[in-house]
Amino acid sequence: MPAPVDVLAVTSTGEAVTFWVLGPLALVAALMMVLSRNAVHAALFLAAVMLSLAGLYAAQDAPFLAAVQVIVYTGAILMLFLFVLMLVGVDSSDSLIETLRGQRVAALVVGLGFAALLMGAIAGAVVQSDGTVAAVGLEEANAEGNVVGIARLLFTDYLFAFEITSALLITAALGAMVLAHKERTEPRTSQRELARLRFTSDHPWPLPGPGVFAGTNSTATPALLPDGTEAPDSVSPVLERRSAERAGGPDNPLPRGLPGGDR
Amino acid sequence: MSPLTTLAQELDDRQLPLTSFGNEPFWLTIAKTLFVFVLLVLMTLFSIVFERKVVARMQQRSGPNRVGPGGWGQSLADGLKLAFKEDIIPALADRPVYLLAPVLSAVPAFLAFSVIPFGPKVSVAGHETALQLTDLPVGVLWVLACASLGVFGIVLAGWSSGSTYPLLGGLRSAAQVISYEIAMALALIAVFLYAGSLSTSEIVAAQSDRWFILTLPISFVIYVIAITGETNRAPFDLPEAESELVGGFHTEYTSLKFAMFFLAEYINIVTVSALATTLFLGGWQPIWPFSQVAFLSEGWFPMVWFLSKTLVFIFFFVWLRGVLPRMRYDTFMRFGWKVLVPAGLVWILFVAGSRTLVQEIDDRRTLLLVGGGLFAAVLVVLLLLPAPKPRPEQALGTDVTPRDDGGFPTPPMDLVVPPTPRSLARSSVRAGDPSPAPTPDREA
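In order, the protein sequence lines correspond to chains C and W. So the first sequence is numbered by the numbering used here: it starts at 1 and just counts up by one. So the second sequence is numbered by the numbering used here: it starts at 1001 and just counts up by one.
For the record, the hints were derived by calculation from the structure and aren't laboratory data. Please read these numbers as outputs of a predicted model, since none were measured by experiment. It cannot be assumed that every hint is accurate.
Some chain C residues well away from chain W (every beta-carbon gap over 12 Å; in silico) [claimed, not checked]: (1) 28; (2) 65; (3) 70; (4) 72; (5) 107; (6) 109; (7) 136; (8) 183; (9) 220.
Result set (EDC-like, lysine to aspartate or glutamate): computed pairs, CA atoms no more than 20 Å apart in a straight line [what the hints assert, rightly or not]: (10) W:1121 x W:1209; (11) C:182 x W:1330; (12) W:1053 x W:1078; (13) W:1121 x W:1298; (14) W:1121 x W:1024; (15) W:1032 x W:1298; (16) W:1032 x W:1128; (17) W:1338 x C:183; (18) W:1389 x C:186; (19) W:1389 x C:183.
Positions of the beta carbon are idealized from the N, C-alpha and C atoms, including for glycine.
Okay, chain C solo, but in the shape it has when bound (with noise of 0.2 Å):
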């Protein structure tokens, strides 16, 4: 086994205090990430590993992959998170029974496996055959600049690899285009047509406003005409209807009377 001192001498002082800033960190965040019941604060500590690998990507000579983690993780994916999650509601409350069955053991089995890999794939490159640790190449690597240096190899040797991606990824967008898709069966119609239609309806005019602040702050409030009778059309119907199911069905209309009211 090599001795640590190898690794000592091939790390200089910042990038070991920022590995041992970030490191935990991420580490921290990640457990949060697993443990925390609100969607959106998991979505947050995600965040905060990723920036944290982005801190370690650009302490080891890599901006590029730094930059990118940021805007292509941290800003384009986790904010789709954000997104979805919002527009679904986080208040609907999850579920807490487990629907696949074995899933933790598969994880950890899954996890441990992944591990494993990944150390065995980077021992192998920074242990030389000599038995010594040394991360030998970069210099070559970064030669002509990191963004030059990650251009060519992607196309070059890779080439093949990085236009399959590509072709996934399109096809996984074009996918998703096809799914949410829905075919319009009449044309659309347009401002001017949607004018027409409004000025040649019997009601060309907004529907009045609701009576609030006049008596009172509720919007279920009709307003007054000035004749003192109320606007039928200043309640929206979906209160009106809400409200009839709340006093026990359809033929208990709109309780009048409101706190407040003066009618």
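For this one, chain C is given, so just place chain W on it according to the hints.
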């Protein structure tokens, strides 16, 4: 020879190479950081009053004119007032996220400015240094990364407020910024292709003979539209459309937390203006006749050029706000995805193709032939495309019955207006009738 080393050799002797950043004395870095911070805060204070005054002029008003000389102290007074306001946290708010959101909005706004070059190398107390806090091989990507982090502040503020309007504002903002970021990045790719670098100082150096606004005008137009959407400015200020969403994502914020959102918004405007200056308007390099004068294009003076170009951009944003109405949300998203993104893709294809042609073919004759052939092929394809079918004029539904005469809003053609009492009185007086006209009640 690799493109980067060639570029480094072509670099003006007015500039320091990229590797010089990060090897400066500590006090110099601190001084530069302070400078950037103070500059950004001052620019925010300035541009708020500037915007209010310019918009006021455009609307025939005089704008703020009470605090300080000519009213220029207005935003400072507003900032102080905000600091003394009551700090309210809504009962339904998610406390930690609610407190985190303004910080997440303001900090990346400051960070993004660290790679913007203000000027060439200068000498500070014997040290040669560039007028730029730092530069990275991926400088412009750093700005993009900071912009994408800033969105988190807006979205989380909207969500954590526990209220409907902020949530809708935050959702709108997320959708808007993500879709316009794509158009913006596409516009920048052509610049990277021409400059051969992602670093801001090298992009400025690459424009020493011709600014990119001249070589890449379409990129510039796409970029300007995209950053207007990205910074939530009018006519794309849908996340805070006050007539629909009250204040948008910051409706529930008060006091200093609100001030941080305000600060972040204006710093973002300054940052995107500065980035546009750096990428398309030659950065700190003077405009043509002045670029011949040595002292105007080296040392400290170019900072004046940089700041004035940035100010012109800020004025442009204010101008847009003064003259354009807010777009509707669906037309706005359609414009981003169906116009800006495809236009950006086609433009990149064109730029990359023409550059490859120019680099690969030395012979001018062959170049012209190949280029002309490609152009003709595109024209033929466009001709062969089937013409779009004309939209049938949709007839009004038969279920809509026209109103009878006298209905709103058309008065009937044979309307007879009954005579008013006053006109009756006048006509009777003229006719010599001594009997008095019908009088109002008060005389009776």
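Against the structure, the hints:
Remark: the non-interface label on residue 28 of chain C is consistent with the geometry, its nearest Cβ contact in chain W lying 15 Å away (cut-off 12 Å). With 12 Å as the threshold on Cβ separation, the claim that residue 65 of chain C sits away from chain W is violated: the shortest Cβ distance comes to roughly 9 Å. The Cβ of residue 70 of chain C sits about 4 Å from the closest Cβ of chain W, inside the 12 Å cut-off, so the non-interface label is violated. Its closest Cβ contact with chain W, about 9 Å, brings residue 72 of chain C to no more than 12 Å, contrary to its assignment away from the interface.
For residue 107 of chain C, the requirement that its beta carbon stay farther than 12 Å from each beta carbon of chain W is met, with the minimum near 27 Å. Remark: the non-interface label on residue 109 of chain C is consistent with the geometry, its nearest Cβ contact in chain W lying 34 Å away (cut-off 12 Å). Chain W leaves residue 136 of chain C outside its interface by the beta-carbon criterion, the shortest separation being 21 Å against a cut-off of 12 Å. Chain W leaves residue 183 of chain C outside its interface by the beta-carbon criterion, the shortest separation being 17 Å against a cut-off of 12 Å.
No Cβ of chain W comes within 12 Å of the Cβ of residue 220 of chain C; the nearest lies about 17 Å off, and the non-interface call holds. Of the pairs offered as hints, the one joining residue 1121 of chain W and residue 1209 of chain W holds, with about 19 Å between alpha carbons and a cut-off of 20 Å not exceeded. Distance hint between residue 182 of chain C and residue 1330 of chain W is fulfilled; the C-alpha atoms sit about 16 Å from each other, no more than 20 Å. Proposed proximity of residue 1053 of chain W and residue 1078 of chain W is supported: the alpha carbons are some 15 Å apart, at most 20 Å.
Restraint check for residue 1121 of chain W and residue 1298 of chain W: the C-alpha separation of about 8 Å stays at or below 20 Å, so the hint holds. Of the pairs offered as hints, the one joining residue 1121 of chain W and residue 1024 of chain W holds, with about 13 Å between alpha carbons and a cut-off of 20 Å not exceeded. Between the alpha carbons of residue 1032 of chain W and residue 1298 of chain W the distance comes to roughly 19 Å, so the proposed pair stays at or under 20 Å and holds. Among the hinted pairs, residue 1032 of chain W with residue 1128 of chain W is consistent with the structure: their alpha-carbon atoms are about 13 Å apart, no more than 20 Å.
For the suggested pair residue 1338 of chain W and residue 183 of chain C, the alpha carbons sit about 18 Å apart, so the restraint of at most 20 Å is met. Under the criterion of a C-alpha separation no larger than 20 Å, the hint pairing residue 1389 of chain W with residue 186 of chain C is consistent with the structure, at around 15 Å. For the suggested pair residue 1389 of chain W and residue 183 of chain C, the alpha carbons sit about 18 Å apart, so the restraint of at most 20 Å is met.
Hints 2, 3, 4, counting from the list given before, are not met by this structure.
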